[in-house]
Amino acid sequence: MFLTAWNWFVANIFTKPAWFLALMVFIGCLLIKKPIYEAFASFVKALVGYMIFNVASNGMVATFRPILFALNGRFNLQAAVIDPYFGAAPLQKSITEVAGRTMSIATMAMILGFAINVLLVYFKKQTKVRSLMVGGHVMNLGSWGVIAYLVLMIPSISDLGAIISGGLLCGLLWGVLSNLTVEPTQELTDGANIAVGHVQMTGIYIFDKLATWIGNMDKKKGKEIHKIGDIKLPGFLSIMNDTTVAASIVMLLFFGGMMLIIGREYMLTVDESLASQSWGFYLIEKCLTFVVYLNIIILGIKMFVGELTEAFSGISQKILRGAVPAVDIAATFGFTEGSVVTFGFLFGALGSIIAILLSVLFKNPILAIVGFIPMFFDNGGIATFTNNKGGLKAVIISTLIVGMVHVFGGGLYAYFYGFSNYGGAAANFDIAAWHTLLGVLMKNLGFVGIGVICLALILIPQLQYLKNKDTYFLVVDDYEKYKEVIAKKTNARPAAKKAEK
Amino acid sequence: MTLKILAACGQGLGSCQIITMKLNAVFKKMGIDARVTSSNVSMAKSTATSYDVLFCGQTLVPNFKTAESKGVVVIGLKNLVSEKEMEEKIQEAIASGKIKTN
Numbered sequence: 001m002f003l004t005a006w007n008w009f010v011a012n013i014f015t016k017p018a019w020f021l022a023l024m025v026f027i028g029c030l031l032i033k034k035p036i037y038e039a040f041a042s043f044v045k046a047l048v049g050y051m052i053f054n055v056a057s058n059g060m061v062a063t064f065r066p067i068l069f070a071l072n073g074r075f076n077l078q079a080a081v082i083d084p085y086f087g088a089a090p091l092q093k094s095i096t097e098v099a100g101r102t103m104s105i106a107t108m109a110m111i112l113g114f115a116i117n118v119l120l121v122y123f124k125k126q127t128k129v130r131s132l133m134v135g136g137h138v139m140n141l142g143s144w145g146v147i148a149y150l151v152l153m154i155p156s157i158s159d160l161g162a163i164i165s166g167g168l169l170c171g172l173l174w175g176v177l178s179n180l181t182v183e184p185t186q187e188l189t190d191g192a193n194i195a196v197g198h199v200q201m202t203g204i205y206i207f208d209k210l211a212t213w214i215g216n217m218d219k220k221k222g223k224e225i226h227k228i229g230d231i232k233l234p235g236f237l238s239i240m241n242d243t244t245v246a247a248s249i250v251m252l253l254f255f256g257g258m259m260l261i262i263g264r265e266y267m268l269t270v271d272e273s274l275a276s277q278s279w280g281f282y283l284i285e286k287c288l289t290f291v292v293y294l295n296i297i298i299l300g301i302k303m304f305v306g307e308l309t310e311a312f313s314g315i316s317q318k319i320l321r322g323a324v325p326a327v328d329i330a331a332t333f334g335f336t337e338g339s340v341v342t343f344g345f346l347f348g349a350l351g352s353i354i355a356i357l358l359s360v361l362f363k364n365p366i367l368a369i370v371g372f373i374p375m376f377f378d379n380g381g382i383a384t385f386t387n388n389k390g391g392l393k394a395v396i397i398s399t400l401i402v403g404m405v406h407v408f409g410g411g412l413y414a415y416f417y418g419f420s421n422y423g424g425a426a427a428n429f430d431i432a433a434w435h436t437l438l439g440v441l442m443k444n445l446g447f448v449g450i451g452v453i454c455l456a457l458i459l460i461p462q463l464q465y466l467k468n469k470d471t472y473f474l475v476v477d478d479y480e481k482y483k484e485v486i487a488k489k490t491n492a493r494p495a496a497k498k499a500e501k
Numbered sequence: 001m002t003l004k005i006l007a008a009c010g011q012g013l014g015s016c017q018i019i020t021m022k023l024n025a026v027f028k029k030m031g032i033d034a035r036v037t038s039s040n041v042s043m044a045k046s047t048a049t050s051y052d053v054l055f056c057g058q059t060l061v062p063n064f065k066t067a068e069s070k071g072v073v074v075i076g077l078k079n080l081v082s083e084k085e086m087e088e089k090i091q092e093a094i095a096s097g098k099i100k101t102n
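Top to bottom, those sequences are chains A and B. For what it's worth, the working numbering labels the leading residue of the first sequence as 1, then goes sequentially. For what it's worth, the working numbering labels the leading residue of the second sequence as 1, then goes sequentially.
Just chain A, with the same shape it has in the complex (with noise of 0.2 Å):
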């Protein structure tokens, strides 16, 4: 009888992503105490939630489908929006119609993977991990990503199988790398014991040392590292802010654009509509059609992310004391002038531009066409850290590369995982720059390239504590004796230098 009710589960509920994520976020809610009625409301707009994103993601794919199918057939050329938003579907539809898989396993991960955080956290003196993750639509899409890898490089993988390694995956992602954020974010914020939980982790450690290396150049040549101000720019700038006019202008520019070089001929051959309309008015509303489905992704993701952050945050909270929290990147640029934030994603936009141009002068079989939110969110995030320890220079140099990487690694990305099939990519900074590397263990390793990955992000807290033992803990338990000791540590150094001569 108990296998009757377990198969009854499984065919009704596990295999029903949008019902599973519900009731997850419903038991999480009774688990933190919440009254019934307020678990109740949780459950269903987790549940509307997530069917309005499906909604869109269907909606979202057919819009591409004739669009990519045209730019390959007349070009050979595959293109991909590197955008998470964009990229949420193409995730979605690798999972189940690639793999033939449900989206529950991702869930399942997901929920394995804030517990192993937990974990890792809770035993910080072990473990040396001293940050939890709690952005809800980092974990999400983080699971997403996480599961879509493995069952398209390891198809042979079980369900349980997939859950179990992706949710340690996720967990050890998500605690080692905010982990590594944690000196620069207590440098930047001057000890606000927060961390980066998000998607630039391991750019902002990369580029934060790189910064403080150009500060120190500078320093020893006598200069002064020149921090942005607040610099007056032009004020059309301003209409960026809003995603929707953003998206709409990345869209005609690209999408319009290629459509006027693929021609109404071709155009006509791949999708009948075309016939009976202007061509002016169908690609117009073409491109604007995305950034309907956008803004529909954008709304039913917020609702069932923000229950689900509210039960995690909720349970984290009751179970321990003093981790850091991880938080979206976005926090980190109250802790800088607005306009480092506008200059980092000028000049990484910049640098995408030139790759796109380097991309299509090579004839690169794929097309990264980079979306709003990492150029703005990337860029702007590692401008705030690196203007901080290296000034213009330091910014101007980091956002250029993070600019390239998006389209060089997120155009990579999508094409070794077949994303580019859907028209998106979720490739921020760290996933345009090393996630194919996963993928590349995982197909050719098996569950060996998933121990080894496992180890090195186990080993790297272990390193960074071997290199800084004194201060590890203490950055975050008493931030201005940290500033103490690091300010007698790099006293003493030229007082020793002194002495060896």
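Mixed in with the good hints there might be a few duds.
Heads up, simulated SDA-like pairs for lysine to any residue below, C-alpha to C-alpha not over 20 Å straight-line [unchecked claim]:
no.	chain 1	residue 1	chain 2	residue 2
1	B	Lys-28	A	Gln-317
2	B	Lys-84	A	Ala-275
3	B	Lys-78	A	Tyr-479
4	A	Lys-45	B	Asn-40
5	B	Lys-28	A	Ile-315
6	A	Lys-34	B	Thr-37
7	A	Lys-34	B	Ala-34
8	B	Lys-45	A	Asn-54
9	A	Lys-34	B	Phe-27
10	B	Lys-84	A	Ile-32
11	A	Lys-33	B	Lys-29
12	B	Lys-84	A	Arg-321
13	A	Lys-318	B	Glu-83
14	B	Lys-28	A	Ser-313
15	A	Lys-34	B	Arg-35
16	B	Lys-29	A	Ser-313
17	B	Lys-28	A	Ile-32
18	A	Lys-45	B	Arg-35
19	B	Lys-78	A	Glu-187
20	A	Lys-45	B	Thr-37
21	B	Lys-78	A	Gly-191
22	B	Lys-45	A	Asn-295
23	B	Lys-28	A	Gly-191
Sample of chain A residues with no beta-carbon within 10 Å of chain B, all distances over it, derived [stated by the list, open to error]:
no.	residue
24	Leu-30
25	Gly-59
26	Gly-256
27	Leu-260
28	Trp-279
29	Lys-467
30	Val-485
31	Thr-490
If we take Cβ atoms under 7 Å as the criterion, some of the chain B residues that face chain A in the derived model are [said to hold, decoys possible]:
no.	residue
32	Thr-49
33	Gly-57
34	Thr-59
Worth flagging that the hints you see were computed from the coordinates, not collected in a lab. Quick caveat, the model's predicted, so the values are computed rather than measured. We put the beta carbon where it would ideally sit given N, CA and C, even for glycine.
We have chain A already, so just place chain B on it with the hints.
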């Protein structure tokens, strides 16, 4: 009388969740009856006037000049996760008469 609070952020997604949760905790601690809603900047610009107080990251404050001129109290936050900062700024606003808590 329930204070109507709006938390605004860039995408209406990431930072909003954090601000909303923290604000709820702070208002509960201060014993103030408040209802917090969140939205992205563009929606917030048009709906701000139906709220008493608007919180956002301080880099976004310039977006709400019109709302401010229409009587909405706009509070910019440097640290979106600092309950201390939120409490301080709310106290300030109450002290200067901008927020009425009866």
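Now the hints, each set against the structure:
no., hint, verdict
1, B:Lys-28 <-> A:Gln-317, "holds (16 Å)"
2, B:Lys-84 <-> A:Ala-275, "violated (62 Å)"
3, B:Lys-78 <-> A:Tyr-479, "holds (18 Å)"
4, A:Lys-45 <-> B:Asn-40, "holds (19 Å)"
5, B:Lys-28 <-> A:Ile-315, "holds (19 Å)"
6, A:Lys-34 <-> B:Thr-37, "holds (19 Å)"
7, A:Lys-34 <-> B:Ala-34, "holds (18 Å)"
8, B:Lys-45 <-> A:Asn-54, "violated (29 Å)"
9, A:Lys-34 <-> B:Phe-27, "holds (18 Å)"
10, B:Lys-84 <-> A:Ile-32, "violated (24 Å)"
11, A:Lys-33 <-> B:Lys-29, "holds (18 Å)"
12, B:Lys-84 <-> A:Arg-321, "holds (17 Å)"
13, A:Lys-318 <-> B:Glu-83, "holds (17 Å)"
14, B:Lys-28 <-> A:Ser-313, "holds (17 Å)"
15, A:Lys-34 <-> B:Arg-35, "holds (17 Å)"
16, B:Lys-29 <-> A:Ser-313, "holds (17 Å)"
17, B:Lys-28 <-> A:Ile-32, "holds (17 Å)"
18, A:Lys-45 <-> B:Arg-35, "holds (18 Å)"
19, B:Lys-78 <-> A:Glu-187, "holds (15 Å)"
20, A:Lys-45 <-> B:Thr-37, "holds (15 Å)"
21, B:Lys-78 <-> A:Gly-191, "holds (13 Å)"
22, B:Lys-45 <-> A:Asn-295, "holds (17 Å)"
23, B:Lys-28 <-> A:Gly-191, "violated (26 Å)"
24, Leu-30, "holds (18 Å)"
25, Gly-59, "holds (20 Å)"
26, Gly-256, "holds (22 Å)"
27, Leu-260, "holds (29 Å)"
28, Trp-279, "holds (31 Å)"
29, Lys-467, "holds (27 Å)"
30, Val-485, "holds (23 Å)"
31, Thr-490, "holds (26 Å)"
32, Thr-49, "violated (19 Å)"
33, Gly-57, "holds (5 Å)"
34, Thr-59, "holds (4 Å)"
In summary, the structure is inconsistent with hints 2, 8, 10, 23 and 32 from the numbered list given earlier, while agreeing with the others.
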